[in-house]
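*Asks:* Letter by letter, the chains look like this.
Protein chains: 2
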Amino acid sequence: MADFNRTRALFHIPEGVSYLDGNSLGPMPLAAADRAAAVIRDEWGGQLIGGWNSAGWYVQPRRVGDRIARLIGAGPGEVVMGDTLTVKVFQAVSAALKLASARRNVVLSDSGNFPSDLYAVQGLSAMGAELRVVAPEEVEAAIDESIAVLMLTEVDYRTGRRHDMPALTAKAHAAGAIAVWDLAHSAGAVDVDVTSGDADFAVGCSYKYLNGGPGAPAFIWANPRIAAEAQPILQGWMGHDAPFDFVTDYRPAGGIERMRVGTPPVIAMSILDAALDAFDGITMAEIRARSIELSQRFIAGVEAACPGLRLNSPRDPMARGSQVSFCHDEAYAVMQALIARGVVGDYRAPDVLRFGFTPLYLNEGDVDRAVSIISEVLDTGAWDRPEFKQRQAVT
Amino acid sequence: MADFNRTRALFHIPEGVSYLDGNSLGPMPLAAADRAAAVIRDEWGGQLIGGWNSAGWYVQPRRVGDRIARLIGAGPGEVVMGDTLTVKVFQAVSAALKLASARRNVVLSDSGNFPSDLYAVQGLSAMGAELRVVAPEEVEAAIDESIAVLMLTEVDYRTGRRHDMPALTAKAHAAGAIAVWDLAHSAGAVDVDVTSGDADFAVGCSYKYLNGGPGAPAFIWANPRIAAEAQPILQGWMGHDAPFDFVTDYRPAGGIERMRVGTPPVIAMSILDAALDAFDGITMAEIRARSIELSQRFIAGVEAACPGLRLNSPRDPMARGSQVSFCHDEAYAVMQALIARGVVGDYRAPDVLRFGFTPLYLNEGDVDRAVSIISEVLDTGAWDRPEFKQRQAVT
Numbered sequence: 001m002a003d004f005n006r007t008r009a010l011f012h013i014p015e016g017v018s019y020l021d022g023n024s025l026g027p028m029p030l031a032a033a034d035r036a037a038a039v040i041r042d043e044w045g046g047q048l049i050g051g052w053n054s055a056g057w058y059v060q061p062r063r064v065g066d067r068i069a070r071l072i073g074a075g076p077g078e079v080v081m082g083d084t085l086t087v088k089v090f091q092a093v094s095a096a097l098k099l100a101s102a103r104r105n106v107v108l109s110d111s112g113n114f115p116s117d118l119y120a121v122q123g124l125s126a127m128g129a130e131l132r133v134v135a136p137e138e139v140e141a142a143i144d145e146s147i148a149v150l151m152l153t154e155v156d157y158r159t160g161r162r163h164d165m166p167a168l169t170a171k172a173h174a175a176g177a178i179a180v181w182d183l184a185h186s187a188g189a190v191d192v193d194v195t196s197g198d199a200d201f202a203v204g205c206s207y208k209y210l211n212g213g214p215g216a217p218a219f220i221w222a223n224p225r226i227a228a229e230a231q232p233i234l235q236g237w238m239g240h241d242a243p244f245d246f247v248t249d250y251r252p253a254g255g256i257e258r259m260r261v262g263t264p265p266v267i268a269m270s271i272l273d274a275a276l277d278a279f280d281g282i283t284m285a286e287i288r289a290r291s292i293e294l295s296q297r298f299i300a301g302v303e304a305a306c307p308g309l310r311l312n313s314p315r316d317p318m319a320r321g322s323q324v325s326f327c328h329d330e331a332y333a334v335m336q337a338l339i340a341r342g343v344v345g346d347y348r349a350p351d352v353l354r355f356g357f358t359p360l361y362l363n364e365g366d367v368d369r370a371v372s373i374i375s376e377v378l379d380t381g382a383w384d385r386p387e388f389k390q391r392q393a394v395t
Numbered sequence: 001m002a003d004f005n006r007t008r009a010l011f012h013i014p015e016g017v018s019y020l021d022g023n024s025l026g027p028m029p030l031a032a033a034d035r036a037a038a039v040i041r042d043e044w045g046g047q048l049i050g051g052w053n054s055a056g057w058y059v060q061p062r063r064v065g066d067r068i069a070r071l072i073g074a075g076p077g078e079v080v081m082g083d084t085l086t087v088k089v090f091q092a093v094s095a096a097l098k099l100a101s102a103r104r105n106v107v108l109s110d111s112g113n114f115p116s117d118l119y120a121v122q123g124l125s126a127m128g129a130e131l132r133v134v135a136p137e138e139v140e141a142a143i144d145e146s147i148a149v150l151m152l153t154e155v156d157y158r159t160g161r162r163h164d165m166p167a168l169t170a171k172a173h174a175a176g177a178i179a180v181w182d183l184a185h186s187a188g189a190v191d192v193d194v195t196s197g198d199a200d201f202a203v204g205c206s207y208k209y210l211n212g213g214p215g216a217p218a219f220i221w222a223n224p225r226i227a228a229e230a231q232p233i234l235q236g237w238m239g240h241d242a243p244f245d246f247v248t249d250y251r252p253a254g255g256i257e258r259m260r261v262g263t264p265p266v267i268a269m270s271i272l273d274a275a276l277d278a279f280d281g282i283t284m285a286e287i288r289a290r291s292i293e294l295s296q297r298f299i300a301g302v303e304a305a306c307p308g309l310r311l312n313s314p315r316d317p318m319a320r321g322s323q324v325s326f327c328h329d330e331a332y333a334v335m336q337a338l339i340a341r342g343v344v345g346d347y348r349a350p351d352v353l354r355f356g357f358t359p360l361y362l363n364e365g366d367v368d369r370a371v372s373i374i375s376e377v378l379d380t381g382a383w384d385r386p387e388f389k390q391r392q393a394v395t
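Line order of the protein sequences matches chains A and B.
UniProt numbering applies: residue 1 is where the first sequence begins, and numbers increase by one.
UniProt numbering applies: residue 1 is where the second sequence begins, and numbers increase by one.
Hints listed in this document are in silico derivations from the structure and should not be mistaken for laboratory results.
Values in this document were obtained by computation on a predicted structure and should not be read as measured data.
Backbone N, C-alpha and C fix where the C-beta goes; we use that ideal spot for every residue, glycine too.
Keep in mind that a hint or two might mislead.
Derived list of chain B stretches under chain A, where covered just means 3 residues or more per stretch with a C-beta under 8 Å from a C-beta of chain A [stated by the list, open to error]:
#1 12 to 25
#2 106 to 118
#3 205 to 218
#4 250 to 262
#5 265 to 272
#6 346 to 358
Stretch-level coverage of chain B by chain A, calculated; a stretch enters the list once three of its residues show a Cβ under 8 Å from a Cβ in chain A [said to hold, decoys possible]:
#7 48 to 57
#8 369 to 378
Here are some of the chain B residues that sit facing chain A, going by a computed Cβ distance under 10 Å [said to hold, decoys possible]:
#9 37
#10 82
#11 94
#12 97
#13 99
#14 123
#15 125
#16 127
#17 128
#18 133
#19 136
#20 138
#21 239
#22 243
#23 383
Let's have the full structure, built from the sequences with the hints guiding it.
*Replies:* If you want it as structure tokens, here you go:
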């Protein structure tokens, strides 16, 4: 059985903080700095260029990918790390467009998708892509034979609404479309299974629920049934079948490694590797069950204590990821007041208070303390101060 | 005057090693591990998501870019960091294709370019790009009015041959083409000046002569005369004019920041930031002069002591970057034998022994020791052993 007291002890949470923003940036694993220092001193410092072989840097993107594969229902050798999530979205969608019928060019997404995914597709208009955006609840009806690619983020970054991956993917396939899933708010948070869901491509980042640190590398998976045909328009030497032959013509590697582009971020990926130790011996089903317990407790507590807040997430936990959001007209100032009191969630425009539930390091005490402080801030109007209304560069 | 004894003391070079491979991976600055640990513990650990504002993570790609700008002749605010070099090549060439005449689609490059740059353009065939590759010495003659984009790496990764950036750029402009320069083997090594050279785009990596560590982020520069028009097909939220408005439609940021894509690699970039301290108080003209001294000494020494080696680099230092290569039929085994004796250069297929000269941490003693050991390995045939002929994954 999962021991969440053990995992909680693996992370540093500053004194006095209830950290409900691990869905934006996971906290620091206590092992992170030592791991980084070891890689820097022993591998880079001691082995220099030889580290590509002797320290395993070259195979690291696939070795770490295997650790994430287990968390998303993929098999060994099916996931590779690198770049950022938007780059991986760009690769997946461009590869999907090439696999789709040549007579189709529409990429269907929804207005709840993270904007960067939409921007990536807008850029692909140069290869003829046409982005079609509908409301999240209209996606299912909008899947028809005009669609080349269905591109969705499974869990909505604002509301936490969770799409039904198996059902939407099945409908996309029946219509002859390719399904690309962004797991940014899924990986390490919910019991996603790309294999039984029969997705075509899945991508995600590793600095949220996977706790890899600010700007940690992204991952990409392609279904084995198409991995050897998939060809993104963004390609580089590390995805070549024989990178060190230095030949002039690109020839993609056999499987998912073709999605590698340039030199991988060795030190950052080592920190992520250390962070993934927290998942050892725990199943995603256990994490998911615990996440639902904590989220339900939070919703019940807030609704009982804070009549001024309106739930902005699905009430049914099966239709939700691992975050809960509430709306308030002065959400920005309210969140700043909460942060000042050590309850760290975040604000999303225009009126969303967002809270993430991450069983690896949160427990009932955090939830109850957060409820109590939210209630106090709203009851006393403590948010109504100029310093809480002053916008910062990154919000 | 530049004090290269001071800079040498800033790096860790293992005992018994003459490191002539800083053109592949720069060595570890002694400050690297402590800087990484400080960013991990104090910023990520202590400030959590707040680090984007309070620790300056959000502006880091431009702040560090400013430090590199000085080394390549660019102005403040003109360079931004992120991704890997191949991604930046892809962005620059795709943006250049859009700026070029709509009637042109040819990207001209040469067979001495690093293959990943060629692969990036081959991927862009999806937007109509046609790659044309000629021999390095034929580039000038091949620039004509059929060319949309001239894409060259200034310093050849195998031979060290240096293209004449101002002359080739001027010819490209006269023909109505856009010039994209890859500075992978230039930045921090030679006195490149993108401003007086009037390049349109310049890109580079930071793990070679800039010593940022394995997989350190890349940089991109656009000439201010076009930066506000340039639009790569790979675009993401961090390059949006208002990323935190989370709007559905992409609207590029005003200047070079539009080349940002996803969440930047904060920890890796902090290590690079620490590494760049070595360049403080030194001009690229000083580094270049010292590089020529060391390279000339090496060539003279090898040619006097090793009649079996053939110089594979231009003899004129003005036509060369900061590396020197020699050919030998058994180059792979010879290099392994050298590495076993602490002379670390590298091998490039099919027959190249490559040595980089990096004044920040190399001196005459390293050069003379390398010459002596190369001579000994060749004279004694010490390379002719099975263990030196066994190929490794990364060569």
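*Asks:* Work down the list of hints and note, for each, if the structure agrees.
*Replies:* How the hints compare with the structure:
no.	hint	result
1	12 to 25	holds (count 7)
2	106 to 118	holds (count 5)
3	205 to 218	holds (count 8)
4	250 to 262	holds (count 3)
5	265 to 272	holds (count 6)
6	346 to 358	holds (count 3)
7	48 to 57	holds (count 7)
8	369 to 378	violated (count 0)
9	37	holds, 4 Å
10	82	holds, 8 Å
11	94	holds, 7 Å
12	97	holds, 8 Å
13	99	violated, 13 Å
14	123	holds, 4 Å
15	125	holds, 8 Å
16	127	holds, 4 Å
17	128	holds, 8 Å
18	133	holds, 6 Å
19	136	violated, 13 Å
20	138	violated, 15 Å
21	239	holds, 8 Å
22	243	holds, 8 Å
23	383	violated, 17 Å
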